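A.B. asks: Now for the letters of each chain:
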Amino acid sequence: MGSLKIENVKKAFGPVEVLKGIDLAVNNGEFVVFVGPSGCGKSTLLRVIAGLEDSTSGRVLIDGADVSVTPPAKRGIAMVFQTYALYPHLTVKNNMGLGLKQAGTPAAEIERRIKIASAMLSLEPYLERRPAELSGGQRQRVAIGRAVVREPKLFLFDEPLSNLDAALRVNTRLEIAQLHRRLKATMIYVTHDQVEAMTLADKIVVLNAGRIEQIGSPMELYNAPANEFVAGFIGSPKMNFIDGAKLGETAKTIGVRPEHLTVDTKSGAWKGTVVHAEHLGADTNLYLDCDKAGLVTVRIFGVYNAEPGATLYATPDAAKTYRFGADGRVLK
Amino acid sequence: MSTATHSLPRTIGAHAVLLTYTAIALFPVILVILNSFKSRAGIFGAPLTPPTPKTFDLIGYTTVIGQGDFIHYFQNSLVVTVASLFFVLLFGAMAAFALSEYRFRGNTMMGLYLALGIMIPIRLGTVAILQLMVATGLVNTLTALILVYTAQGLPLAIFILSEFMKQVSDDLKNAGRIDGLSEYTIFFRLVLPLVRPSMATVAVFTMIPIWNDLWFPLILAPSEETKTVTLGAQLFLGQFVTNWNAILAALSLAILPVLILYVIFSRQLIRGITSGAVK
Ligand SMILES: Nc1ncnc2c1ncn2[C@@H]1O[C@H](COP(=O)(O)OP(=O)(O)O)[C@@H](O)[C@H]1O
Ligand SMILES: [Mg+2]
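Chains as they are written, first to last, in numbering that gives the first Met the number 0: chain A, 0 to 331; chain B, 0 to 278.
None of these hints come from the bench; they were simulated from the model.
Be aware that one or more of the hints could be misleading.
[Stated by the list, open to error] Residues on chain A that point at chain B, a partial pick, calculated with CB under 10 Å:
{"hint": "1", "residue": "L60"}
{"hint": "2", "residue": "G63"}
{"hint": "3", "residue": "A64"}
{"hint": "4", "residue": "V66"}
{"hint": "5", "residue": "Q81"}
{"hint": "6", "residue": "P124"}
{"hint": "7", "residue": "R128"}
{"hint": "8", "residue": "L182"}
{"hint": "9", "residue": "A309"}
[As the list claims (entries may be wrong)] Cross-link-like lysine-lysine pairs, in silico, DSSO-like; alpha carbons within 27 Å at most:
{"hint": "10", "chain 1": "B", "residue 1": "K172", "chain 2": "A", "residue 2": "K4"}
{"hint": "11", "chain 1": "A", "residue 1": "K92", "chain 2": "B", "residue 2": "K53"}
{"hint": "12", "chain 1": "A", "residue 1": "K245", "chain 2": "A", "residue 2": "K202"}
{"hint": "13", "chain 1": "B", "residue 1": "K172", "chain 2": "A", "residue 2": "K73"}
{"hint": "14", "chain 1": "A", "residue 1": "K4", "chain 2": "A", "residue 2": "K92"}
{"hint": "15", "chain 1": "B", "residue 1": "K53", "chain 2": "A", "residue 2": "K152"}
[Stated by the list, open to error] With the C-beta cut set under 8 Å, the calculated list includes, among others, these residues of chain A facing chain B:
{"hint": "16", "residue": "G75"}
{"hint": "17", "residue": "H88"}
{"hint": "18", "residue": "L97"}
{"hint": "19", "residue": "G98"}
{"hint": "20", "residue": "P105"}
{"hint": "21", "residue": "A107"}
{"hint": "22", "residue": "I109"}
{"hint": "23", "residue": "S161"}
{"hint": "24", "residue": "F240"}
As the structure is a computational prediction, the values presented were derived from the model and not from experiment.
Glycine included, each C-beta is placed from N, C-alpha and C at the ideal position.
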């Protein structure tokens, strides 16, 4: 239980086509992350899966059954929103129990599930409080708890961490990962943050402007991006893109990740001047203005002392250099 | 204590302006109330002075209360105002929710059509309304007034409320839908409490013109049974003699109910504003 299939789903708001034909299969128990820049249609796709938005065409199947005309409450899904969306007039306990109550679940069963979920999310001390009396992190945990008690076939998360501060984000991310491992449930998670995508996903779906650019495991996307968009989106700092003509290459664009460049003070492929250096302790980011390649970012592990203005030579790792054609696709 | 935003001269200046405005705005009201406690001679002899032991007289109030019907007029006014207010808020909020929440063909046109009433005074339609009421046999009933005032109040209510309803979080409504709440429950339990401050604003704006209206009671419901306070007070306004004591007393009394309603709503207003401030 808990598989999802999307067949050629399109969605238009008036004349604006937001989803331009999405095909996707999600297996039972998978953690799938939709990632892409803001406004690319991730939330719209999630809302179509949830039934909060009708697709213009195409089919959504949950466990093999077409749910295109099933209301959200009957689809066996639960959703966690970016803004928590807790009911302000209900206590934490009633927030979690409302969905089950609406579905006519016996009170004892509701009680039992709330107990399990609140223990899982360390929410027991707050069960009688109202959302206004909780911190942001606690509110988001309540929202996750509200999803857990429904025991859905499919969990849907829409940027659940973007309203939390950085430290809390890491904690909650961990909590969601553990939750997935414990429940073995199918989860679909939307984010614009590629770090969240890489750390959580079994399978990442990269979306751009209403289309799927690539589907794959985090390492597949990192090691074998299908095109320039995915290559630039996955990985931080961003991949360097260099005009092929400048390097005397036949490919339109040459891509090399900052961590796949080495520097040397004496010799190397590209001679450059240090523009700026970022010292992060664990690694150092150097920005070099190279004679052939233009401005490139180099990531060096550990501490590396380089003053702006110094001359350095950068050399790309030939085995980890990507070549893109005029259409942005990787050339083999 | 002189900071960038609080300087003493500026504070004094702002307060001076506000106090002057308050004095100007309240002057006629206070004058009415003061004079309502004076004898006829007192009112005309020294209209601007407060009642002294010599001029103090409750004759106005005894006349008004003694004229048994007046309590009844009050009742009529209150029924009409409260009922109209109820319907304006209910239907206004529901229409506003539909306009702001659902995408349907003609949504924008419908919004414009409903807002048109703000610009076109309902009194232009008096003749047609009267014919309608005669035809339906509603002349000289409070129902007639309630219907007209509901229609009169709706455009502004819909206009203001739909702006506020657009700001209610979509996520919250969607969370309700996923939990299986009906659209009515979402509207009454989730959305309405969040737009309570704007409901209070609309209530205040709607209530005062209804309470004060003389036009429609005079035309649609002038019978003894259905007279409202404003119409009842005309009783003392004779062609030859005017009972000023009674008129001033009636007007002073007429302020009370609106004042009470206003206090109730403004409480809501302040509570709503402060509770909405924290996310
Ligand atoms: N209800 C709507 N009406 C019109 N346009 C919408 C609506 N919802 C979303 N859009 C548009 O669809 C595009 C994708 O939105 P969304 O799915 O929210 O993006 P994302 O979640 O990837 O940031 C945006 O350009 C947005 O303006
Ligand atoms: Mg979004």
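A.B. asks: Tell me, which hint numbers fail for this structure?
C.D. replies: 1, 2, 3, 4, 6, 7, 8, 9, 11, 12, 14, 15, 16, 20, 21, 22, 23 and 24
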